[in-house]
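A.B. asks: Here are the chains, one letter per residue:
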Amino acid sequence: MSPTDDATLTDAQILEQVQSRPPLSVTVIRPSRGWVPINLRELWHYRELLFFLTWRDLKVRYKQTALGALWAIIQPVLTMAVFSLFFGRLAKVPSDGIPYPLFALSGLIPWQLFAYALTQSSNSIVANKNLVSKVYFPRLIVPLAAVLSGLVDFSIAFVVLLVMFVIYGFIPSPALVMIPLAIILTIFSALAVGLWLSALNVRYRDVQYTIPFLTQFWMFLTPIAYPASLIPAQFRMVYGLNPMAGVVECFRWGLFGQRAGSLSLIGLSSFMVLLAFFGGLAYFRRVEKTFADLA
Amino acid sequence: MSVAIRATGISKRYRLGRRERYGSLRESLTRFFSNPFAASKAPPPEEIWALKDVAFEIQERQAVGLIGRNGAGKSTLLKVLSRITEPSTGEVVIHGRVGSLLEVGTGFHPELSGRDNIFLNGALLGMKRQEIRRKFDEIVAFAEIEKFLDTPVKHYSSGMYMRLAFAVAAHLEPEILLVDEVLAVGDAAFQRKCLGKMEDVAHSGRTVVFVSHNMGAVNSLCSRAIWVDKGQVREEGPAQQIVSRYLESVREGFEIGNAKPDDKLIFERVLLKNRAGEVTTSFRGDEEILVEIHYTARQKIPKPHFIVAVMGPYGELFTAAMTFDDLAPDAIEGAGVIGCRFKPFLLLPATYTIVIAARGADGVSNLTASRYDAAFFSVGGLMSEYGFPAPGADAQVANVNALVVPYQWEMPDGSVRAPRLRSS
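In the order they appear, the protein sequences are chains A and B.
Be aware that the first sequence starts at 0, since it is given in numbering that gives the first Met the number 0, and climbs by one per residue.
Be aware that the second sequence starts at 0, since it is given in numbering that gives the first Met the number 0, and climbs by one per residue.
Warning: the hint list may mix true and false statements.
[Claimed, not checked] With the Cβ distance kept under 8 angstroms, some of the chain A side facing chain B (calculated, not the full set):
no.	residue
1	L130
2	F216
3	Y282
[What the hints assert, rightly or not] Restricting the straight-line Cα-Cα distance to at most 27 angstroms, the calculated cross-link-like pairs of lysine-lysine (DSSO-like) are:
no.	chain 1	residue 1	chain 2	residue 2
4	A	K58	B	K302
5	B	K127	A	K288
6	B	K153	A	K62
7	B	K146	A	K62
8	B	K263	A	K58
9	B	K51	B	K229
10	A	K288	B	K229
11	B	K263	B	K229
12	B	K342	B	K299
13	B	K146	A	K128
14	A	K58	A	K128
15	B	K299	A	K128
16	B	K263	B	K299
[Stated by the list, open to error] Calculated from the model, a selection of chain B residues having no Cβ within reach of chain A, i.e. all distances over 10 angstroms:
no.	residue
17	G95
18	G236
19	T322
Bear in mind the hints are in silico, worked out from the structure with no lab data behind them.
For every residue, glycine included, the Cβ atom is placed at its ideal position computed from N, Cα and C.
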């Protein structure tokens with residue numbers, strides 16, 4: 000029914016409509032206390048908003064840039080070139096017998112998905128404060144959309160990686176099935192950190208200043224420019240506490256086959272990812288009610 | 000008839016001193032811009048209750064106006080009803096899907112085209128893609144932007160922007176619609192159109208909760224009204240009756256009163272008077288405005304420095320401060336009145352807020368807390384009446400800080416052109 004039609008309805012017709020319509024949904028608003036469970040039904044109901052916010056981020060990202068989506072290729076490829084020169088050629092960092100550029104790129108691509116998703120989601124609530132303080136919707140949608148929009152750049156960069164494979168005459172192993180797992184792990188680790196930081200950023204804007212520093216620091220704790228096998232075995236467990244260590248290892252497994260010791264590393268990292276993710280989710284839900292007042 | 004919204008014991012507490020912000024952007028800007036003379040403000044109270052024990056019922060298919068002065072808690076109440084912010088105590092039970100229209104244009108992205116923004120904004124307001132597609136043409140036609148559908152909205156005029164934003168929101172079909180001050184947008188013709196649309200909605204059997212300072216709109220749209228004052232429901236009843244009671248109370252002056260026990264001075268109330276000496280809240284842009292502060296000095300106060308400032312939509316416009324002009328009275332004691340007569344050259348149509356403050360003989364210490372929303376008044380009329388004939392001037396005026404001083408343009412060819420500003 001359109002509003003213009005309604006205006007001409009008689010009272011009797013309105014009454015009929017009122018009586019014949021399905022029962023209304025009931026919403027109860029009351030102050031929440033402590034931990035708030037996740038409302039999956041509501042999230043599902045708002046799935047289109049998730050789609051539109053992701054789509055908005057994508058559409059806006061390369062607006063008014065001369066190179067557009069080429070940036071998704073330029074960044075990892077240039078970093079790869081720099082790494083290959085300094086770490087591969089000059090410092091002679093080992094690369095598990097894989098040509099160094101290919102090795103570096105295979106680490107950089109999941110890393111950039113992670114770094115992008117982490118940065119975007121951490122800033123997401125503050126960046127969208129005009130929405131958060133003016134409209135109701137499940138707040139989780141915001142960091143979620145920020146993370147998802149990183150997948151497009153990732154896909155483009157992934158094609159470049161495949162081209163590199165062809166150039167180097169490498170045949171991907173059947174372990175390729177590990178790649179989807181690696182992507183899922185990347186998204187979850189970015190989301191885990193993003194949930195924590197986006198919520199903290201609302202209250203403490205200091206967070207946004209630590210993010211560039213954090214991602215840089217974190218990159219060196221992750222086996223991107225060097226193989227995880229470089230880490231002495233006795234420190235491997237500590238090293239695996241970094242979720243991204245296992246993720247990159249998992250990604251390389253999918254591309255080059257299994258390396259020694261990677262299974263335990265991936266196992267430990269995955270556990271850390273889940274721990275951080277559910278922790279972040281719980282924290283986010285607990286504090287999201289203050290977003291509209293603080294953002 | 001059954002109940003659409005039942006609120007019981009709703010309170011909302013904000014803690015000050017932490018970074019909690021409340022109210023609209025305009026209010027925070029007001030606070031921000033008035034900081035210069037709030038420099039020596041006494042430490043703020045630990046917490047304030049924006050709403051305190053609010054209870055009411057709204058019947059299905061009723062249009063209800065929420066009225067009250069700035070800072071009374073109307074917007075907070077609407078935010079609680081629309082689940083943007085949680086109440087500190089109390090409970091609201093809502094029967095039906097809620098759509099809220101809290102600020103027109105929320106979520107518009109300047110880089111995206113009109114078409115894209117319709118979908119994005121629709122999704123934000125809780126519409127399904129199918130629903131938006133079905134209403135798409137209607138929305139575009141209502142907003143009158145057919146030719147600019149694929150232009151990024153950053154290139155839109157503010158009038159087009161507002162029209163589009165309102166059009167999307169107005170085509171939402173929730174059972175309960177919450178509306179905050181949307182009619183204060185666009186040119187007069189579009190305002191009438193919006194009002195018409197709101198009337199359709201209000202008369203189409205949907206429940207509408209409508210916050211406005213525009214008493215005419217409340218009267219014509221709403222059957223009932225709830226008057227919110229100092230975070231509480233002061234009165235509720237038939238719209239006509241409540242609106243006239245409210246206007247009466249404003250005509251008697253803006254009550255302030257509440258001072259801290261150790262304040263030396265109490266601001267009792269503020270009256271705004273025109274040249275004829277009549278108390279009013281609506282002025283013409285070129286009219287004199289007398290701000291009368293009725294105070295009580297609890298003890299003899301030597302050299303009290305009064306400050307009166309007028310804030311436009313985007314911040315402070317002009318100030319009269321005894322801390323600058325050194326014209327403080329020698330001493331005051333007991334009840335009294337101090338007036339400040341402004342003669343602005345030209346104020347454009349908008350709503351203005353009066354800020355008042357009082358400092359001691361040193362010009363620094365506060366005699367009582369400064370009031371950032373001591374009173375408000377509106378300037379009416381069309382831009383053309385003030386010497387601004389350009390089409391669209393009425394739409395643009397919402398986006399400028401509206402104090403005009405005489406000026407002239409000096410053209411490339413050396414000629415001079417000046418607007419024929421109306422000034423009495």
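A.B. asks: Each hint: holds or not?
C.D. replies: Now the hints, each set against the structure:
1. The closest approach between the C-beta of A/L130 and any C-beta of chain B is roughly 5 angstroms, which is under the 8 angstroms cut-off, so the hint is satisfied.
2. For A/F216, the interface hint is violated, since its Cβ never comes within 8 angstroms of a Cβ in chain B; the closest pair sits about 27 angstroms apart.
3. With 8 angstroms as the threshold, the beta carbon of A/Y282 stays out of range of chain B, its nearest partner Cβ sitting at about 17 angstroms, so the hint is violated.
4. As the CA atoms of A/K58 and B/K302 are separated by approximately 62 angstroms, the hinted pair breaks the 27 angstroms bound.
5. For the hint linking B/K127 to A/K288, the alpha-carbon distance of about 25 angstroms falls within 27 angstroms, and the restraint holds.
6. The hinted pair formed by B/K153 and A/K62 meets the criterion: a straight-line CA distance of about 13 angstroms does not exceed 27 angstroms.
7. Simply put, B/K146 and A/K62 have alpha-carbon atoms about 22 angstroms apart, close enough for the 27 angstroms limit, and the pair holds.
8. At roughly 59 angstroms between alpha-carbon atoms, B/K263 and A/K58 are farther apart than 27 angstroms, so this suggested pair is violated.
9. Using a Cα cut-off of 27 angstroms, the hinted pair B/K51 and B/K229 holds, with the two alpha carbons roughly 8 angstroms apart.
10. Annotation: proposed proximity of A/K288 to B/K229 holds, straight-line Cα distance about 24 angstroms (limit 27 angstroms).
11. In summary, the hint linking B/K263 to B/K229 is supported, as the alpha carbons are separated by about 23 angstroms, within the 27 angstroms threshold.
12. Between B/K342 and B/K299, the direct Cα distance comes to roughly 31 angstroms. Violation of the 27 angstroms bound is thereby established for this hinted pair.
13. Proximity of B/K146 to A/K128 is assessed by CA-CA distance (about 31 angstroms); at most 27 angstroms being required, the pair is judged violated.
14. For the suggested pair A/K58 and A/K128, the alpha carbons sit about 20 angstroms apart, so the restraint of at most 27 angstroms is met.
15. Simply put, B/K299 and A/K128 have alpha-carbon atoms about 48 angstroms apart, too far for the 27 angstroms limit, and the pair is violated.
16. Taking the CA atoms of B/K263 and B/K299, the gap is about 9 angstroms. The hint holds against a cut of 27 angstroms.
17. In this structure B/G95 is not separated from chain A by more than 10 angstroms, as the shortest Cβ-Cβ distance comes to only about 4 angstroms.
18. Once the 10 angstroms rule is applied to beta carbons, B/G236 is consistent with being away from chain A; the minimum gap is 23 angstroms.
19. At roughly 33 angstroms, the least C-beta separation between B/T322 and chain A is larger than 10 angstroms, which holds for a residue marked as non-interface.
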